[in-house]
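If you read the protein sequences in the order shown, they are chains W and S.
Residue numbering for the first sequence follows our numbering, beginning at 4 and increasing consecutively.
Residue numbering for the second sequence follows our numbering, beginning at 6 and increasing consecutively.
A hint or two may mislead.
[As the list claims (entries may be wrong)] Below, in silico cross-link-like pairs of lysine-lysine (DSS-like), each with a Cα-Cα straight-line distance of 27 Å or less:
1. S:22 with W:305
2. W:428 with W:481
3. S:22 with W:235
4. W:161 with S:115
5. W:161 with S:39
6. S:17 with W:161
7. W:228 with S:17
8. W:158 with S:86
9. S:87 with W:158
10. W:305 with W:158
11. W:209 with S:39
12. W:132 with S:106
13. W:155 with S:106
14. W:597 with W:610
If you are wondering where the hints come from, they were derived from the structure by calculation, not from laboratory data.
Residue-level listing of the chains:
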Amino acid sequence: MRYGETGFNLEVDLSQGKSEKVETDPGLTELHLGGQGTADKILWDRVPGEVEAFSPDNLLIFSTGLLDGTPVPGANRTIVNTFSPMTNLHAHSVMGGFFGPELKYAGYDKIVIRGKAPDLVYLWIDNDKVEIRDAGHLRGKGCHETAEFVRKELKQDKVQVAAIGVAGENRVYMASIDSSCGSAARGPGPVMGDKRLKAIAVRGTKDINIARPAELFDVCMRLNKELAENPKVGDWMATDEDDSFHHDNFAWGNARTRRRGFWSKELQDRWTNLKYQHMDRQRGCYNCPKACHNVISWPGRKRFSYKCYGKDTYHMAAFQELDFSYDILGVAQEYGVDSYSTPQVIAFALELLEAGILTEKDFPGMPADIRGRFLYILERIVRREGIGDILANGVYHAARQIGKGAEAYDHNTVKKFEQLPIKLKKLNPPYFLMIATGEKMSITQIEGSFPQDPLPTREQREEFVRNWIACPDDKFKKWFLEWEKREVLPMEASCAITDWNEAMHYIDDSIGLCGFVSAFRGQFGGRTAYHVWNIPQLITLATGLDFDKDKLWKAFQRNRNLVRALNVRRGMRRKDETPPADHWAVRDHEYEQKLLDAYYRFKGWNKDGIPTKETLDALGMDYIRKEFEQRGILTS
Amino acid sequence: MKTIIKTIKTIKIDPLKCTGCRACEMACSTFHAKPQFRIVNPTRSRIRVFWDEENDVYIPILAGEYTQAECNSRYIITMNKKEYGECSFCRSSCPSRDLFKEPDSGIALKCDVCGEPMPEGGPMCVQWCASGALTYAPERTEEIELAEEEVEEGVEEL
Ligand code: SF4
Ligand code: SF4
Numbered sequence: 004m005r006y007g008e009t010g011f012n013l014e015v016d017l018s019q020g021k022s023e024k025v026e027t028d029p030g031l032t033e034l035h036l037g038g039q040g041t042a043d044k045i046l047w048d049r050v051p052g053e054v055e056a057f058s059p060d061n062l063l064i065f066s067t068g069l070l071d072g073t074p075v076p077g078a079n080r081t082i083v084n085t086f087s088p089m090t091n092l093h094a095h096s097v098m099g100g101f102f103g104p105e106l107k108y109a110g111y112d113k114i115v116i117r118g119k120a121p122d123l124v125y126l127w128i129d130n131d132k133v134e135i136r137d138a139g140h141l142r143g144k145g146c147h148e149t150a151e152f153v154r155k156e157l158k159q160d161k162v163q164v165a166a167i168g169v170a171g172e173n174r175v176y177m178a179s180i181d182s183s184c185g186s187a188a189r190g191p192g193p194v195m196g197d198k199r200l201k202a203i204a205v206r207g208t209k210d211i212n213i214a215r216p217a218e219l220f221d222v223c224m225r226l227n228k229e230l231a232e233n234p235k236v237g238d239w240m241a242t243d244e245d246d247s248f249h250h251d252n253f254a255w256g257n258a259r260t261r262r263r264g265f266w267s268k269e270l271q272d273r274w275t276n277l278k279y280q281h282m283d284r285q286r287g288c289y290n291c292p293k294a295c296h297n298v299i300s301w302p303g304r305k306r307f308s309y310k311c312y313g314k315d316t317y318h319m320a321a322f323q324e325l326d327f328s329y330d331i332l333g334v335a336q337e338y339g340v341d342s343y344s345t346p347q348v349i350a351f352a353l354e355l356l357e358a359g360i361l362t363e364k365d366f367p368g369m370p371a372d373i374r375g376r377f378l379y380i381l382e383r384i385v386r387r388e389g390i391g392d393i394l395a396n397g398v399y400h401a402a403r404q405i406g407k408g409a410e411a412y413d414h415n416t417v418k419k420f421e422q423l424p425i426k427l428k429k430l431n432p433p434y435f436l437m438i439a440t441g442e443k444m445s446i447t448q449i450e451g452s453f454p455q456d457p458l459p460t461r462e463q464r465e466e467f468v469r470n471w472i473a474c475p476d477d478k479f480k481k482w483f484l485e486w487e488k489r490e491v492l493p494m495e496a497s498c499a500i501t502d503w504n505e506a507m508h509y510i511d512d513s514i515g516l517c518g519f520v521s522a523f524r525g526q527f528g529g530r531t532a533y534h535v536w537n538i539p540q541l542i543t544l545a546t547g548l549d550f551d552k553d554k555l556w557k558a559f560q561r562n563r564n565l566v567r568a569l570n571v572r573r574g575m576r577r578k579d580e581t582p583p584a585d586h587w588a589v590r591d592h593e594y595e596q597k598l599l600d601a602y603y604r605f606k607g608w609n610k611d612g613i614p615t616k617e618t619l620d621a622l623g624m625d626y627i628r629k630e631f632e633q634r635g636i637l638t639s
Numbered sequence: 006m007k008t009i010i011k012t013i014k015t016i017k018i019d020p021l022k023c024t025g026c027r028a029c030e031m032a033c034s035t036f037h038a039k040p041q042f043r044i045v046n047p048t049r050s051r052i053r054v055f056w057d058e059e060n061d062v063y064i065p066i067l068a069g070e071y072t073q074a075e076c077n078s079r080y081i082i083t084m085n086k087k088e089y090g091e092c093s094f095c096r097s098s099c100p101s102r103d104l105f106k107e108p109d110s111g112i113a114l115k116c117d118v119c120g121e122p123m124p125e126g127g128p129m130c131v132q133w134c135a136s137g138a139l140t141y142a143p144e145r146t147e148e149i150e151l152a153e154e155e156v157e158e159g160v161e162e163l
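For reference, chain W alone in the conformation it holds in the complex (with noise of 0.2 Å):
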């Protein structure tokens, strides 16, 4: 019997219309735990570095993480990983809400999907009965929309719905997947869009086991009273009015201008009386006791929700204010687009509009107000009409294929991904390594233990490292008690500060926990409720495989090189991982290529960030070295 998880794959061939129930090997659970990691695991051994994000053999995994569907509170996610067209990389995506307990009480621990389908479909599981319908009907639906549709069809209100929006099935890159309450951005809405796969439905009524369960379920009563009265857990951003940090601090339009002092006491005071009028309640994921979705009415719109950041970032491209984000985001998430990366590419489209390099004529009939203008765009994104085709590629593809200079124009992409919008002055070393080097493409998905900044005085610098329950090793309160100057740490700090960052959401995204009580959330007071302490002993109650400390970062060491592995494969260097020009003002070209290579040593990767041969046989992975060898990415 299999704890904690099911131990079985749902196959998906769409091409041949079959799926099949597939158990998995219980040893890769204690070498990968699950999710991204299992995950990653599959698309090694069955997609060649060769294969595009377009091909039919390409593989789209939803995953469950190892602890969703247990008491564990706050596990409950669930992961996307594919190859993404708008990088030809690895993509890695997660998503809040209800899909990916629903899944594993489904019997499920992963939905792999292969193949296309002729024509668009949507996929319903009923516990162990599979079908795959037709989804002519919900052609041209929103995400939310098709989730009340296929409930109505399938005349069940308990099933959980993940669905593409109108970008999706148009392949715009920045399509994501919506469900309930998450959204999956970064890479996989397109890929979906490509297997002409509409939806998955699912429903679940069977039992996870649980190793330990008496155990388990005191500890995690323990943990869900403590995350309820944690005020540094969960998304402060839904409570917290006081929002000058991004407007102030962010760069607004695309990428480009700081307005300091932009933020007022009457300005909060305006936007408070907005979202209270249109608020209908706050929303949280499948057992969690936070609620960091606030939920919206706004006047001829769809309801939606968002959390985070994800409520500026349509305002600030725009140069408007909070009431343009409401009006806009129920569009934006019924077409479903990642609402990181779209207000920037149209941002981008009415600069390269008023630098001359587009014309009127590519935007026909468009408003002439900026309201009107961003959506007129976004229209003609998702439907990919006219220049909207272009733009639907994203800001690096877009700005190349128009040519005429508008490649200067592209100037906050790493791995030709739109980055967050923030432009500072001097090089925080640990950001420099994180932004070039990370794989989960937004910095959002790799940033979160360590504090971003250091504390003014000594007096408060203590109070900070006294209890600091999270910190894994007593050599991080050293830096942090010393760290006086944002640019100046030692360069082990710097090696270490984004190796324990990257380690958390790594782990996070292979046992399904949300960030914000996780992996993102130490860097604000230190406060997190999960960490390499308490996280061991939750995998080994849920699922009864013994986990330490150490056992738990060698999998997340695993798992990490898993993914640069996979990038390697597919032709990621040294030379892809450079954060943009005017991301610092002040730079030092030789001091952060010096960084580099300290990272790269740590790590155990060569000089072009190939992982080495020892690092790959200490880790067990010596599949991945021998390949490597045969491909001449590594010498034998």
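Mind docking chain S with the ligands on chain W? Use the hints.
Leaving out everything else, chain S with the ligands in the frame of chain W:
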């Protein structure tokens, strides 16, 4: 007319506070598992959240009695301009639907307010509900008059 003294345990529900997280379902199902906590399965929970995302309606419902026949009266509730009919908020496990039944055996489920003795800290669903949507009201007793023909059944149930 005979009377009996019944202990009434009340869970109060404030649906407007509910975040729809379904922690209550998780906790109830595993608390009532045999052996206790051995499995998790919200379908076996004696509290289920009526869930309509489209209209932002989340209403926790505690399982009541098993009824042998589907009722023949109907009602419709209108909320947020949407009509909810038939059985939406009904507490019974009933032959016409699979709510509040064990998914494998079909045996009816009923909220026992976590049985005797009450777990320290109150019923499980209440303990897991962080939003304040569920609260436990202090126990009280009620004198209940029984009509002659109901006496037998009533006593049996106690
Ligand atoms: S912390 Fe917030 S986003 Fe994370 S699982 Fe809980 S409710 Fe969802
Ligand atoms: S635990 Fe509370 S907030 Fe969550 S679904 Fe149940 S009643 Fe609603």
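Subject >> Hints the structure fails to honour >> reply: Hint check: nothing fails, all pass.
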